[in-house]
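2 protein chains.
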Amino acid sequence: MTSPSPEGGDPSLEAIVTATFGVDGSSQFADVLPVLVRDLADIDWRVAEVLSSTYAQLTEAARYACSTGGKRVRPLLMAAAHRSLGATSTQPIHSLAAAFQLIHTATLVHDDVIDHAETRRGRPSMLRAFGLPLAIVGGDYLFVRAFELAAEYPRSIIMRCGESCADLVEGEVLQESSRFDLSTGRAHYFRIVERKTAAIIAAALASVAEIAGSAPPLVDALQGYGRSLGIAFQIRDDLLDVVGDADLLGKPLYSDLREGNPTLVSLEAYARLDPHHQAEFERLFQLRRKRTKHLLRLRELTLMTDAPATVAREATEWAERGIRCIEPLPPGPYRNLLERLARGAAERRF
Amino acid sequence: MTSPSPEGGDPSLEAIVTATFGVDGSSQFADVLPVLVRDLADIDWRVAEVLSSTYAQLTEAARYACSTGGKRVRPLLMAAAHRSLGATSTQPIHSLAAAFQLIHTATLVHDDVIDHAETRRGRPSMLRAFGLPLAIVGGDYLFVRAFELAAEYPRSIIMRCGESCADLVEGEVLQESSRFDLSTGRAHYFRIVERKTAAIIAAALASVAEIAGSAPPLVDALQGYGRSLGIAFQIRDDLLDVVGDADLLGKPLYSDLREGNPTLVSLEAYARLDPHHQAEFERLFQLRRKRTKHLLRLRELTLMTDAPATVAREATEWAERGIRCIEPLPPGPYRNLLERLARGAAERRF
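Chains as they are written, first to last, in our numbering: chain R, 1 to 350; chain E, 1 to 350.
The set of hints was computed from the structure by calculation and includes no laboratory data.
Pulled a few chain R residues facing chain E out of the computed Cβ check, cut under 10 Å:
| hint | residue |
| --- | --- |
| 1 | 61 |
| 2 | 113 |
| 3 | 114 |
| 4 | 115 |
| 5 | 134 |
| 6 | 147 |
| 7 | 161 |
| 8 | 163 |
| 9 | 168 |
| 10 | 170 |
| 11 | 172 |
| 12 | 173 |
| 13 | 175 |
| 14 | 177 |
Computed Cβ-Cβ distance ranges for the label pairs, DEER-style:
| hint | chain 1 | residue 1 | chain 2 | residue 2 | range |
| --- | --- | --- | --- | --- | --- |
| 15 | R | 52 | E | 34 | 43 to 49 Å |
| 16 | R | 56 | E | 216 | 32 to 38 Å |
| 17 | E | 213 | R | 31 | 49 to 55 Å |
This structure is a prediction, so every number in the text was calculated from the model and none was measured. We put the beta carbon where it would ideally sit given N, CA and C, even for glycine.
Whole structure, please, built from the sequences with the hints as guidance.
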């Protein structure tokens, strides 16, 4: 995640993409990145276009929610996947990519209401900036516009979109059911991640393949890739929340510890501690209102184990699994770029 | 609105429909009401079916939201409209009616979050019964399932559905923008009502006509009827909130006064008071935290004017406008019933 520019405006799409791939990656993919940057700009434009309401306040709030930074992971994946299948224009998927972007944003807005979050990507959250009513109905509005965009596509695509939204909600409900509970275990964590993160990326990429007219094995390939990448991404995200660099991330650390979400790194650290420290970890983890010293101690206890390294490796394994999924795709720079994106999701520092 | 039965279960659909039409109406329409009761049961069944999630908690929460009483005004209108166009089975509109019912319920659930409402139709609100996270994502879930249902229909229907949802959100935003402000005037009130209430009923009925294969004038007729009935319904709803009977309504009075919504009756009462009482009305209306004595005094001031009678007449005028809209429909018991429903919306006491 890139920090907002000093002027408070969004960083340019070029800057976002360059940051995503790093200096090396950006020079390796110098031929295709400008193409993808244009694709992202087209998708951003479609998002802005569809958010224009008669009511300035609603337009403003919805665009605010969509403009607060963000790495554009989903549209980038969708554009790269579409081009990897031989598309010379991503125009056919612009509305779909905009739809998935809006759904993603809607869930972030509602998540922030649930978590009473003050900030999102270094800026005031929608809740903070516009208040509770607009955060709630603004999120609804993003969902509605997303479905209108999805309605441009065949029913199978609309249903992929709808089912992944239902998954998202189920993931949220599952997550709520396990707050402050370290006994839920790995399987429960993966059930949440599958639904909260992986399902929608898998659905987005499968839809892209379907729109491109790809054969079922290629649809499955991209779906499997999206799922694995999503899991890798989320494992890494949860890891960075504990051991990452707040400045690089552009957001405060320890949100999962604070909210009592038993993420993979916490579960693995907890399992590895000796009984004495395990009891301390559990006691602190279960505190409903944690002070900074509690959060720092939880981090310290985590770092006493090799859980961070193990979990990082696990994220990489998921990325590699995703990369194996797309072996059936035509070789070329876009497939290479998808591989790079999977590894990046698992290994990023921001 | 019927009160929940002593066992706390839902009242039967027969009881709901009988209450809607009263004793006289129920005997007048004795031939067709059993047909509509079966239609409502089918639509209820479709709602329950589509809400089954893998996660018991989510299924339970979503069904709770959909089962808390309710007069089934929208499905009743849709079934009656469909049959008035000659349909011998309402099966083709069951999913659509379920979709509109879910959308309606989703907005109520999110409204209750915004208003911190403790009760809804005499039972704990979803917020109260399941907590904030489930109220928010549960509402989202209802929207998602609604769109999946809408996806069974042609794109024009999905877009009617989507646009009316966007209207709903705009109505909510407009309403928020005028809280505690009596200077917004009648036009603003009608803009809110058009969007919050009328648009979705109009869209539902226009969609029914489209699905029935009706000619454009009949689509327009039902759309116009739905819009006028929706306005009549809302004017009456807002009036009953001030001068109604809480026991009959099954909900506490004065919610609009408490929340500072400048409804038609408040605007008209305010405009009619002498300067002294006008100042008192405004001062009390603007209080962010009103005590019972403040609410009762606002009611008393309202009753000092003929605003309640004027506003009641206005609701009836909208109902009559709606009835004129459906003159092009084939005459018969279902058209008569639609006429009765319009007058009932404007003249009901609960």
